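Listed below, chain by chain, are the residues.
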Amino acid sequence: MTDGFLFQAVIYLTAAVVCVPLAKRLGLSSVLGYLLAGIVIGPFVLGFIGEEGEDIMHFAEFGVVMMLFLIGLELEPAKFWRMRKMIVGMGGAQVLFTVVVFMLVGLAVGLKWPAALTIGLAVSMSSTAIVLQTLKEKGLMKSVSGQASFSVLLFQDIAVIPMLALMPIMAVSASKRSTGGHDSATIFDGLPAGVQTLAVLLAVLVIVVSGRYLIVPLLRMIARTHLRELFAAGALLIVIAIAYLMQLVGLSPALGAFLGGVVLANSEFRHELESDLEPFKGLLLGLFFIAVGASINFYLISAQPWTVAAGVLAVLLVKTFVMLGIGGMFKMSTDQNILFSTGLSQIGEFAFVLLAFAAQLGIITSDISGILLAVTALTMTISPLINIATERLVLPHIGTIEEPGREMDTISESNAVILVGFAHFGNTIGRFLRAHNVEATILDNDSDRVDLLRKMGFKVYYGDATRADLLESAGAANAKILVSAIDSPEINMRLVETAQKHFPHLHLMIRAENRSDAYELLDMGVNDIYRESLDTSIRMGADVLKRLGFRSYAVTRSAQNFLKYDEASLRKLAVDRHNSKEYIVRVKDEMSQQEQILNEDLHAILSSNDHAWDSEHMRSVINPPVDKVKSE
Amino acid sequence: MPRILILFAHPRYEQSRAQRMLVEAVADLPSVTFHDLYETYPDFNVDIVREKELLLQHDVIIWQHPFYWYSAPPLLKQWIDMVLEFGWAYGPGGTMLKDKWVCNVISSGGAQEAYQVGGKNRYPILDYLRPFEQTAYLCGMHFLPPFAVHGTHKLGDAELDELAARYGAIVQGLAEGAFELSELQSLKYLQELGHTNHSNA
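These protein sequences, in sequence, are chains A and U.
Sequential numbering from 331 applies to the first sequence in this note's numbering.
Sequential numbering from 13 applies to the second sequence in this note's numbering.
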């Protein structure tokens, strides 16, 4: 098993590492890369993974669980309330109409109503994982279509709860019942349907209550230890515990996690939880997509190619048209509506959950569920291709894509300064500029902060500044200076790349975390680099000296000299370090210089510079050594 | 009772000898506000409001500084430039400093003999202090002769001690209102007065 595990890990990771960059290189989304990787290593192409793919799927579903927890986290009640019309209106209409259409189709081909309804419900789901990932990669989250997609997906994610709760009741009207699937031996098996439904509601209540009164105090306790990995462990524990609880009562773990997320959205730990879980989520979601790709049953497809093809086509067309209609009702512009409708046309990961549950309850036969699972996986695979086709073939003929964010934020300013990042660092810059009547166009990618600052009267715009289009709409073409106050060196590098490529005229002034990213920025041709670890620490050191009784002016000058010296040595070393042979030597040289500076600060710098004031020196020249004077 | 404000400007006080002794003679006197400009404004960012308040609270202003290149260290010039505002210290309505007394207390490397016609510095010290005198005049202040410690490099500790004590006594006298304005203005150096006082005491 150990061998097997490591072998599998190598296979999965290799597939991901090879296929995803390849997909990206071809301009495809990473989701498609993962799906293709899954198909390639799956039983029907290379056959590296066979039966165990199913297990991996169950494991990888945890990525979906985390994704929903994170979505829940981002969904404060206030935000939810703001979007209520879109969520309930668009999402409700989408689910209702899709379910009705497919239920009618199901009834028409002779299925019983519970089976037909289940199919309708399963098909009405879209893939939150695929769509959100794609929207985020393309930076379309804030566009109208992005917001609409998010709303619909959110409604679906929530709607799964009552759907799953309904199933046991529907099963009563279905002919036979089986108990206990491979992974869902719930503690309520064998109990009447009513009790199961009650148990589901109880579990939801447990999550809501414990979120408030158990999890938050627990996190506070963990946070006090100041151990980052412990906090990550705590975050994982929360999600896994919720998932386990949900599984016990036979509910989808993902939904429980979503609920848990919503409960914690207003807690002070929101951002920590988000950043700690994000990497796990990304990796597990990737695994999930691979598993989806690997699980596509090509035997079934080849046995019944027309049924499957008809299913795929029907799903894509019906869902697209239902959503087009809804988009029209909500007065979306044509191009946004097309993006929205085609984007959501696949069947989502919750269909796996719904179908598995329904099959297990005996509502639908395993044949039907097999075909539907194949259809689901295929639509998920085709969906990214449809997006590309829409973007490249359809939209250019319909009209230009609306500036992302145009609806949310109309950036009308043509300020000379664009200030990116308005956390503490950028905030100070912004206030200082404002004190001089210089209004900067401010970009920030934390929507909470944007909202808060707007309430306080600042003009702050939401968005990812590493995107050329956002910089464009922020007036980069007319601006003179781009100031980045972002703390992440990676984002800063990307920002610099984008700015240099698209707006070479912009003067870049960039915050750097430390020496090493300052080097990289220098390599990129950025001249104005502001190391956050420099000025303040020198100032602090100077204050220490003052407190020790050093004269304030001498220390101030010394600090200024130190700053100058440090900047100069930074530049020198940035050039030299490319000559790797010399690097070590230079570092040593710099170190010794640094040491010298540190040791001889007052003497070496000040006395040499301030010779004019050195009365000691003058006296020694004017009065030769005392005994000599005496002897003369 | 007149209050005395000493505006002390020395960029390198930690290594000064003469000025240290002068400072020690006056800094702790009860009627004196000793204001160390380089310590307070190492960044040259003079707080104008605060400086004006200080000026208003005092009757005698002393510019105490080493005599660098025939003038004051730059921060004192900065202080003059920033604080003595038009419409406040001079110009229309600029009467806030009117009738206050002001003088320079300086230390110079050059000997007293150098500061005369025919000497190395060719002019008497007062000629070099003209800008200060005129500044005082424009502000309606009475400019007193300087207290000058010349030839600091050659002065021994005992001589410096004596001069510092004399400085302390003069400041004390000023605080007690012991001197007439005309009496002071007739002197060439303020320390001449201290000398008589000192010997009387």
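Derived by calculation from the structure, the hints in this document are not laboratory data.
What you are looking at is a predicted structure, and each value in this text was computed from that prediction instead of being measured.
Note that the Cβ used here is the ideal one computed from N, Cα and C, for glycine as well.
Misleading hints may appear alongside valid ones.
[Said to hold, decoys possible] Straight-line C-alpha distance at most 20 Å; calculated SDA-like pairs for lysine to any residue:
{"hint": "1", "chain 1": "U", "residue 1": "K112", "chain 2": "U", "residue 2": "S28"}
{"hint": "2", "chain 1": "A", "residue 1": "K831", "chain 2": "A", "residue 2": "R869"}
{"hint": "3", "chain 1": "A", "residue 1": "K415", "chain 2": "A", "residue 2": "T758"}
{"hint": "4", "chain 1": "A", "residue 1": "K876", "chain 2": "U", "residue 2": "F46"}
{"hint": "5", "chain 1": "A", "residue 1": "K876", "chain 2": "U", "residue 2": "K112"}
{"hint": "6", "chain 1": "A", "residue 1": "K785", "chain 2": "A", "residue 2": "T758"}
{"hint": "7", "chain 1": "A", "residue 1": "K876", "chain 2": "U", "residue 2": "V58"}
{"hint": "8", "chain 1": "A", "residue 1": "K876", "chain 2": "U", "residue 2": "S28"}
[Claimed, not checked] Computed Cβ-Cβ distance ranges for the label pairs, DEER-style:
{"hint": "9", "chain 1": "A", "residue 1": "H908", "chain 2": "U", "residue 2": "W81", "range": "41 to 49 Å"}
{"hint": "10", "chain 1": "U", "residue 1": "E36", "chain 2": "A", "residue 2": "K785", "range": "32 to 40 Å"}
{"hint": "11", "chain 1": "U", "residue 1": "N57", "chain 2": "A", "residue 2": "D853", "range": "34 to 42 Å"}
{"hint": "12", "chain 1": "U", "residue 1": "F98", "chain 2": "A", "residue 2": "R784", "range": "54 to 62 Å"}
{"hint": "13", "chain 1": "A", "residue 1": "R550", "chain 2": "U", "residue 2": "N57", "range": "19 to 27 Å"}
[Unchecked claim] Computed list of chain U residues with no C-beta within reach of chain A, every gap over 10 Å:
{"hint": "14", "residue": "P23"}
{"hint": "15", "residue": "Y25"}
{"hint": "16", "residue": "Y50"}
{"hint": "17", "residue": "T52"}
{"hint": "18", "residue": "P54"}
{"hint": "19", "residue": "F98"}
{"hint": "20", "residue": "Q124"}
{"hint": "21", "residue": "N133"}
{"hint": "22", "residue": "L172"}
Check the structure against each numbered hint from earlier and tell me which ones fail, lowest number first. Checked against the structure, the hints that fail are numbers 1, 2, 3, 5, 10, 12, 13, 14, 15, 16, 17 and 18, while the rest are satisfied.
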